[in-house]
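**Q** Sequence:
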Amino acid sequence: MHYRTDSEGDGFDGSFQTAEMSPDTANTYVGSIPGQQPGTFVQYYISAEAENGLRSTSPTGVEQTEDPSYYSYTVLDTTSQTLHLAFENDEVVDSSQYDLPVDVGGDPTFVEGAPEAEGESAIFLRDSSYLEIAPPHASF
Numbered sequence: 001m002h003y004r005t006d007s008e009g010d011g012f013d014g015s016f017q018t019a020e021m022s023p024d025t026a027n028t029y030v031g032s033i034p035g036q037q038p039g040t041f042v043q044y045y046i047s048a049e050a051e052n053g054l055r056s057t058s059p060t061g062v063e064q065t066e067d068p069s070y071y072s073y074t075v076l077d078t079t080s081q082t083l084h085l086a087f088e089n090d091e092v093v094d095s096s097q098y099d100l101p102v103d104v105g106g107d108p109t110f111v112e113g114a115p116e117a118e119g120e121s122a123i124f125l126r127d128s129s130y131l132e133i134a135p136p137h138a139s140f
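Under the working numbering, the sequence shown has 95 at position 95, and the numbering climbs by one with no breaks.
Simulated from the structure, these hints should not be mistaken for lab results. Even glycine gets a Cβ: it sits at the ideal position worked out from N, Cα and C. There could be a bad hint or two in this list.
Stated by the list, open to error - Here are the in silico distance ranges between beta carbons for each label pair:
no.: 1; residue 1: ALA50; residue 2: ARG126; range: 55 to 63 Å
no.: 2; residue 1: PRO59; residue 2: ASN89; range: 17 to 25 Å
no.: 3; residue 1: SER58; residue 2: GLY11; range: 19 to 27 Å
no.: 4; residue 1: SER58; residue 2: PRO38; range: 51 to 59 Å
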């Protein structure tokens, strides 16, 4: 298994590192990527080579020179608030530490001092209105 990390949001820390995988059961291998700090974005892929020299990777687009594809995840702080939506001036903003982009679609209704929201601002989504929020790693 090969992995690389971006812990500062400014690009990956060098080339891919290797984490060994071991046989678990027939045709199954297990491995793990070392623990990372919260906020770290990890990309990884798996490669295997047979005794006859044939090689395979997953996902299959890893070895493309343009726009390769990898598996990925972001390490979140288990005690942090991952989403805190604030509705101000007809805008929806994520006020959490991740500052995620929020896209509002359709025709929502914004209400200041809404009784349903205990006097706070609120948004009502009707019909085809929606909120689209990117995953935390999207800001890297």
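**Q** Any hints from earlier that this structure breaks? Give me their numbers in increasing order, please.
**A** The structure breaks hints 2, 4; every other hint is satisfied.
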